[in-house]
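Please take these sequences and the hints and turn them into a complete structure.
As given, the protein sequences belong to chains A and B, one line each in that order. Be aware that the first sequence starts at 1, since it is given in UniProt numbering, and climbs by one per residue. Be aware that the second sequence starts at 1, since it is given in UniProt numbering, and climbs by one per residue.
Treat each hint with caution, since some may be false.
[Stated by the list, open to error] So the derived label-pair ranges between C-beta atoms look like this: (1) A:Val11 - B:Val109: 41 to 51 angstroms; (2) B:Ile57 - A:Gly37: 43 to 53 angstroms; (3) A:Leu47 - B:Leu232: 42 to 52 angstroms; (4) B:Lys155 - A:Ile20: 28 to 38 angstroms; (5) B:Ser198 - A:Ile23: 40 to 50 angstroms; (6) A:Trp40 - B:Asp223: 48 to 58 angstroms; (7) A:Val19 - B:Met100: 13 to 23 angstroms; (8) A:Leu26 - B:Trp208: 38 to 48 angstroms; (9) A:Leu10 - B:Pro108: 52 to 62 angstroms; (10) A:Ile52 - B:Leu194: 22 to 32 angstroms; (11) A:Leu26 - B:Leu201: 40 to 50 angstroms; (12) A:Leu10 - B:Arg9: 33 to 43 angstroms.
The hints are simulated quantities; they were obtained by calculation from the structure and are not laboratory data. Every residue, glycine too, gets a C-beta built ideally from N, C-alpha and C.
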Amino acid sequence: MGLAEVNWALVSPLIGIQVILIIIALIDLSKSERTNGPKWMWVLISLFVSIIGPILYFTIGKRHD
Amino acid sequence: MKKWVVLFRKEWLEMSRNYKIIWVPLVFILFGLLQPVTNYYMPDILKNASDLPEGTIIEIPLPSSGEVLAQTLGQFNQMGVLVLVLAFMGIVSAERKSGMIKAILVKPVAYSSYITAKWLSAILLSAASIALGMVASWYYTGLLIDPYPFINLVKGTGLYLGWIVFLLTFTVFLSSRLNSSGLVAVCALLVSILLSLSTSLLGKWMEWSPAQLTTAASSFLVDGRVEGPLFLPLVITGVLVVIFLFLSTTNWQRK
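See below:
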């Protein structure tokens, strides 16, 4: 399946949601003082772990106190 | 009542400040959209992922739209429950740890309104997220596979929400009793897994189990009717929700 065959109308909402999640995770990271584990690690995870990266940060990385 | 509304609004303010109000629904919409898409592209995905010899023909029958929606529900029951429990594990315990709870309870508000405001906002956000995720999945399933009657989607999702309300109530209860948020998550997930497992393995003995609602919901989505017990688990789930909510509002730590 080449790039031209990808149905972009179908895939773009998925990418859009993914991008929004990454942006929110990064905004939150820049605001919070401390995270569980080093901050740079969560920046990398949010950016590069596809689909679940930002979710991992929000559920595990974020300090809730 | 007025005080309760203030607490309830504080809860929503809190959830928008830590972006829960955005990311929880988005996660469910993402998983909801992914399920029909992976089903639709499964032959292509398999072709690309494995080193099959040239000329191999993979034929996978496209599942019915009801089956795809039931699979979405299954996905929500694993990843979704994990996300919800982790999102709400600290709902009371984190505020106790940070001392926030003392700052609130020195004001003349009842402990029970404090807990029920938290409980209801967690349930509303989760229910809305799951509903949005199911609608997203339904929309893509309609586009890619076959249109599916919306009313059946609403009924099936409604049944499933019973199980989610039970799990969230249990999470709030644990969070009101335990000091460590991590322990809350572990216990809530363990109970969810054990209940689901025992319900599917020991069907006869577990006809009362709230986890029956997930089985009922997915069989409803596939066939349009519920197989197995429905009335008993609904009643038991309602009773358990009331009991655990009552137990979490009784504050034994202040005595």
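We went through each hint and held it up to the structure:
no.	hint	in the structure
1	A:Val11 - B:Val109: 41 to 51 angstroms	48 angstroms, holds
2	B:Ile57 - A:Gly37: 43 to 53 angstroms	47 angstroms, holds
3	A:Leu47 - B:Leu232: 42 to 52 angstroms	48 angstroms, holds
4	B:Lys155 - A:Ile20: 28 to 38 angstroms	31 angstroms, holds
5	B:Ser198 - A:Ile23: 40 to 50 angstroms	42 angstroms, holds
6	A:Trp40 - B:Asp223: 48 to 58 angstroms	51 angstroms, holds
7	A:Val19 - B:Met100: 13 to 23 angstroms	33 angstroms, violated
8	A:Leu26 - B:Trp208: 38 to 48 angstroms	46 angstroms, holds
9	A:Leu10 - B:Pro108: 52 to 62 angstroms	55 angstroms, holds
10	A:Ile52 - B:Leu194: 22 to 32 angstroms	25 angstroms, holds
11	A:Leu26 - B:Leu201: 40 to 50 angstroms	43 angstroms, holds
12	A:Leu10 - B:Arg9: 33 to 43 angstroms	39 angstroms, holds
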